[in-house]
Each structure stands twice: as structure tokens, then as C-alpha cells.
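K.L.:
Chain by chain, the residues run as shown.
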Amino acid sequence: MSEQELTYVTDEMRAAQGVWSEARTAPPITETDIRRWAMATHYPETPPRIYWDAEYAASTRWGGIVAPPDFNPFAWPVERPKGGSPGLAGARPDGKPLTGMNGGQTDTYGVPMRPGDVISARTRLVDWNEREGRLGHTLYVRNEIEWRNQDGELVKTRMSIGIRY
Amino acid sequence: MTVSFEDIQIGDKLPAWSRKTSFAEWNRYAAVNEEFVPFHMDDEAGRRAGNEAGAFGMGNLRYAYIVNALREWIGDDAVVREVGCQYRAINQKDDVLTVTGEVTAKKAEDGENRVYLDINVVTQTGAPTCPGHAVVAL
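Quick note, the sequences are listed as chains V and F, same order. Residue 161 in the working numbering sits at position 161 of the first sequence, with consecutive numbering throughout. Numbering-wise, the working numbering comes out as the position in the second sequence, counting from 1, plus 165.
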């Protein structure tokens, strides 16, 4: 039996490299979405007023409530996007399915998100590398994500590292 | 408390921002981010994913804590321009996580007064979990 070099890179990943996905669009952001996000990420303390107190927020340079920069308007889609990240379907040498984990990210922020905003996102697979790690053979995948609001203004670019082992 | 660009010095420390984390925090974050990943919810699934202690916390929540610490430091009128980090260690149940940071540079750039920081999230034993960087505009 010939020994093949172990790789978790799939043909689907090779085909997707560098290609921007079609944009997907989140439902309009509401004040409640922002308030709940801020409450969850500040729990058990009270979150800053800029995220929930319209009267106070109007007195800031933003003129109204803004979302925390890390707010994700794409949570809870009614129709789940098909497919997900290419390549997670593989299996390990022991036959168990691959586990995916978040390796880290760098987000650069443009204009803030506000109640009423409709955010669109597109994604592309940038590159990857594989090495032997603490969890065995491990694949690190770099993805770029770009968010824009309904006026085409840049909200965020994210470079993220996905780990598969 | 809000800082001013003029007063900030290289080497200044970010005021510590801490949270004890367990299912109460993780479940709330799962609910808003729709992040119901079994290894964040269930000890057996955590062990299957390679963490002997069981379920473990979300990297994204630590990221939120970094953003929160920056916001508290710079005030509501300033801008968090960039945050990056790598999730190098696991957030175990009942860890007390503290966001730490140190100013590495300040410069006028693209019409903004920007402050650069090295950032981390450390546990109650001081173990770093999440080295990274941040840029704020004051």
C-alpha cells in the first residue's frame, strides 16, 4: 500500500481560493439586537449607555445608539447559508470527523453599525498551511471577510484563522 | 474614565477589565451570537474535542472582552479602529479572565490620533490565553 502524504486540504478549497463569495445580507439591526449583545458581553455588569440609552447616545459624537464593534448582525438567519466553510467535511486518519476551532482574527473597523443598518458580507478563502501540532495533524485556514452597510460604506474587514484537526 | 491622546505615554497600561466566566456567560454569548457549538455547551463534547476539563469558552467572547476593555478606557466618543488576537489557550470553566494591554506607539495617521497597544487576556494565574494588538483613535 503506498503511503500518501496526509492532508486535510480539499479540491473544494483549492477551487475556492481567492474567490469572493456572493454577498449575503443580514436582517436590519434593531436596538434590541444591540442591547442584548451588549448585555451578554458585559454580563453580569450593566453595559455602557452608548449601546442602549438613546437619549444619552444622542449626546455623543455618534448622535445615537451604535453597536459594539464586535456585534454580529448575521446571527439567527431564518434561512441558513448553504455549505459553510469549504473543507470541513474531511476525516482524520483515525476516521473521526474533523473538529473546527477558531484560531484568531484581526478586525479593522470603518463606520459603526447602527439600528436600522442592513449589513452585507462577502468572504474569500485566502490561503492555508498544515503542520503537526498538539492536537495532531492540523490545518490552519485564513479567510477574509468584508462587511458593508446599505450605503456601501465599509464597516469591517476581518482576517480570520480557522483551525481544523 | 477617559484618556486623552496628549497624556498617553508609551508603556502606559490599559486599566484591568475582568470577568469570571462559566456557563452563565457562555450561554448568554451563545444566545446572541447563535454559537451553540457542543464543546461550549457540554462537558462530554469538550472532552471529545480534546479538553480534559470538559466544556470551554468561546474565543469570540474573549474578543468581546478586549473590545469592552478598550471602550471603557477610551470613552464613547473615541474609536476602536482595529483589534486582533490569536486564541492560544483555552478558557476553562470558572476562569477569571482579565484583559491586559500596554501602549506601544502613538501617532497621527490618516487624520486620526492613533494609539497602538499590545493586548492579552490572562487567567487568574496570570497565564496568557490570547495575545494580540489593538489600535484606537482618540
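Calculated from the structure, these hints are not laboratory results. There's no promise every hint is true.
Facing chain F, from chain V, some residues (calculated, C-beta under 7 Å) [said to hold, decoys possible]: (1) GLY18; (2) TRP20; (3) ARG36; (4) THR46; (5) ALA58; (6) ARG61; (7) ASP70; (8) ASN72; (9) TRP76; (10) ASN102; (11) GLY104; (12) LEU135.
One side only, chain F facing chain V, incomplete, derived with CB under 8 Å [said to hold, decoys possible]: (13) VAL168; (14) ASP172; (15) ILE173; (16) SER187; (17) ASN198; (18) GLU217; (19) GLY219; (20) ASN233; (21) ASP242; (22) VAL245; (23) ARG246; (24) GLU247; (25) GLY249; (26) CYS250.
None of these values were measured; they are calculated from a predicted model. Positions of the beta carbon are idealized from the N, C-alpha and C atoms, including for glycine.
K.L.:
Determine for every hint whether it applies to the structure shown.
P.N.:
How the hints compare with the structure:
no.: 1; hint: GLY18; result: 22 Å, violated
no.: 2; hint: TRP20; result: 22 Å, violated
no.: 3; hint: ARG36; result: 5 Å, holds
no.: 4; hint: THR46; result: 12 Å, violated
no.: 5; hint: ALA58; result: 12 Å, violated
no.: 6; hint: ARG61; result: 5 Å, holds
no.: 7; hint: ASP70; result: 5 Å, holds
no.: 8; hint: ASN72; result: 5 Å, holds
no.: 9; hint: TRP76; result: 5 Å, holds
no.: 10; hint: ASN102; result: 4 Å, holds
no.: 11; hint: GLY104; result: 4 Å, holds
no.: 12; hint: LEU135; result: 5 Å, holds
no.: 13; hint: VAL168; result: 16 Å, violated
no.: 14; hint: ASP172; result: 20 Å, violated
no.: 15; hint: ILE173; result: 19 Å, violated
no.: 16; hint: SER187; result: 11 Å, violated
no.: 17; hint: ASN198; result: 5 Å, holds
no.: 18; hint: GLU217; result: 13 Å, violated
no.: 19; hint: GLY219; result: 15 Å, violated
no.: 20; hint: ASN233; result: 6 Å, holds
no.: 21; hint: ASP242; result: 5 Å, holds
no.: 22; hint: VAL245; result: 5 Å, holds
no.: 23; hint: ARG246; result: 6 Å, holds
no.: 24; hint: GLU247; result: 5 Å, holds
no.: 25; hint: GLY249; result: 3 Å, holds
no.: 26; hint: CYS250; result: 6 Å, holds
Hints 1, 2, 4, 5, 13, 14, 15, 16, 18, 19, counting from the list given before, are not met by this structure.
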